[in-house]
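Sequences and hints are given; from them, build the entire structure.
In order, the protein sequence lines correspond to chains Z and E.
Count the first sequence with my numbering and you get residues 1 to 296, in order.
Count the second sequence with my numbering and you get residues 1001 to 1510, in order.
Heads up, some of the hints might be wrong.
Think about it this way: if two alpha-carbon atoms lie no more than 25 angstroms apart in a straight line, the pair counts; the simulated DMTMM-like pairs of lysine to aspartate or glutamate are [as the list claims (entries may be wrong)]:
# : chain 1 : residue 1 : chain 2 : residue 2
1 : Z       : K90       : Z       : D241
2 : E       : K1503     : Z       : D185
3 : Z       : K12       : E       : E1386
Calculated directly from the structure, the hints in this document are not laboratory data.
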Amino acid sequence: MIVERPKDLLVKKILAHGFMLIFLALILFPFFMVLSISFREGNFSVGSIIPENPTLEHWYLAFGLDYTRADGTVVEPPYPVMLWMWNSIKIGLIAGLGVLAIATISAYAFSRIRIKGKGAMLDGLFLIQMFPTTLALVAIYAIFDALGEVSPILGLNSHTALVLIYLAGVTLHIWTIKGYFDSIDTALDKAAAIDGATPWQTFRFIFLPLAVPIMSVVFVLAFIGFINDYPIASVLIRSEDKMTLAVGSRLYLNEFQYLWGDFAAAAILSGLPITVVFLIAQRYLVSGLSDGAVKG
Amino acid sequence: MTIAADIPVAEGSPLPRLITVAAVSIALLFGSFFLYQIAQPIYGVIMLALATGFAIIFGANRFYGARFIFPGVAAVLIFIAFPVVYTIYIGFTNYSSFNLLTYDRAVEVLTSRGSVDPDTEQPFAVARDGDQFRIWLPDSGLLSDPVSLDDVAEATLSPANPPADLLERRDAIQLRSGLQALTLTTPDGTIIQNASLRTFGTFTPDYVRTGPNTLTRFDGAKLVADHETGFFVDEAGQNVPPGWRVGIGWDNFERIFTSEGIRGPMVSIFIWTFVFAIASVVLTFALGLTLAVILQWPHLRFKAVYRILLILPYAVPAFISILVFKGLFNQNFGEINLILEALFGVRPNWFTDGNLARVMVLIVNTWLGYPYMMLLAMGFLQAVPEDHKKAAALEGASALRVFFTITLPQIIPPFLPLLIASFAFNFNNMVLIFLLTRGLPDIPGTVIPAGETDILASFTYRLAFDNAGQQFGLAGAITLLIFLVVAAISYANFVAIRRAAQKRSGRVSA
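In structure tokens:
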């Protein structure tokens, strides 16, 4: 770097750190508030940042336990947060694994196997993935409404329907994994072919083990994406015991029953695990996204 | 290089595979037939196509390669392409809460309506007969044949002695749904049905089907099915609900473009959608890039800590942070207004003032979106050669000038596809609008629910799924308009990526 005068440098450093700290204080303000509210008495947010009479009431309720107040009244949990969490995790895991299986196999084929019309298909996939499933909600509703007549398992208010529709989210992941496969040396599959391996065997014994890192990233991404989905789940799921976290959380803050404190505890409880998983995966995420998009 | 898939593959005997393929295909074919039978021919055809595709691709050796992509392509076609096409189709129908059913179902609903003649009502009791039940009518001394009471059923009554094993009233009430689906015929041929929890009686239907397209009302009036509007019309020209779904051509689009109550809010929502999407991209990009540049500064310490704290908003699930903001911005007891009042004595109406609501939406979206841009920018900034910047700095260019003339032009081209994708994402960013404002405050003077912060996607969602008459048809028509915009964006992105890729390969070969 160019030689800078030490005095200027110091001023610049102070400015940079000062800006960062003020900015961070602004950005992180919501997190501090939520943490504070979750320990505060009652469901209204009047009070100081450090609660005067900290209480674990909201946390008991978030874990689905009854809470007995000092005056002897028993408060029951307003909503089954743990059940919602389990629903979200279950759906996320199943759909995530499904997407991973389909995406990996398709990506291998698109990267290495000669198929007629492959280029056109890839272009088509790319164009189609720009259409978010949320835009076709009306049709999705109508489709599952009709399929419900075949069997309630496939109809509205069923987790199977949700998993099925989430499988449509494979397109972006096909691109990401294909980008990774494209970067693997072709000498490997040539050697395998010479040894008489079928394309399936090449995939199973050479590509699959190599793809474990990218597959775990794609799985985490897909999983978080499904847990975060609100529109599709809100259209398909109606009853409270079938809801996912994203759909259920909204119930806390409606005009008639404003449970700010209970929401804060439930939000931290359910948001923390996902946040940690995401922070671990984010390094790979960005490189995957930009690579996958540009390497086409 | 690609593996030549047409090389004959030694795989052992193909018999087990063929048997599996045949079994799966037959199962799919059976499903298709079943769907067709229950009057879902569209899904039947899709299932049939799936079965055929599966049989051909997994049965014939020459499609070995296609087997790998069959599941992915099938999922995309069935769960994205088909719903998109189907949505467009719905846009050309009158599908709504008024025209919800199929024609046959609408006829069924109308003919099942009726009233019980109070003079014929008589009490009943249920008697157990093994696994089944008999209905006992004490007033007329009649006992029915055994029925299972778990489906629609008919039974005849015959004179008999009172049965011994009568169910308690409470247990009989639990069989209510079975009882309601039961039709009994007395020895003189009168048909009686369950009239209340305690009685059976003669049931007079309001409508009787007298032709393929006609119903006759109990008072003799004739109703004719109008397949243009999807309603039965009586002699006075009145529609008799419920209606059924029919294609109505371009009517929905005509409504969008000619009805003042729809066109007005549509235009305003359309403009806001673009403003929102563009402003979101610009704000997040500017903020993210600024932060990335500061983080890249070699003299800055604690980079790792800053970085992890700065991406926190991106790591927390969006549905949680949006709801947190909804609470913080609450006008009456939200923390933001408490602080603003303590500091400046103002209490902005974040949710009832249209412009403030839009500002709030943009603030929240910038908070949510800047870390993604920052992460991307950090990656792209590293690719800018350091010596270019040094050369410019030696020539005496200021840091700002170096940034705008050297750095920015180098990172914009690879950034462009991602910016377009971000635009497309925000264009349809329903989760944000929905969880934060639900589109409110409402635009005054509209015939449909339309809010000042509604974007096109949330607007169609409310049309279809909020308590506004479930106007699926109209929502479908508006979705087609959104599709056109998305298709244009999608194509632009496609071209941008092609260019970026060409430039890359051009650079490599040069």
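| query | Can you give the numbers of the hints that this structure goes against, from lowest to highest? | reply | none
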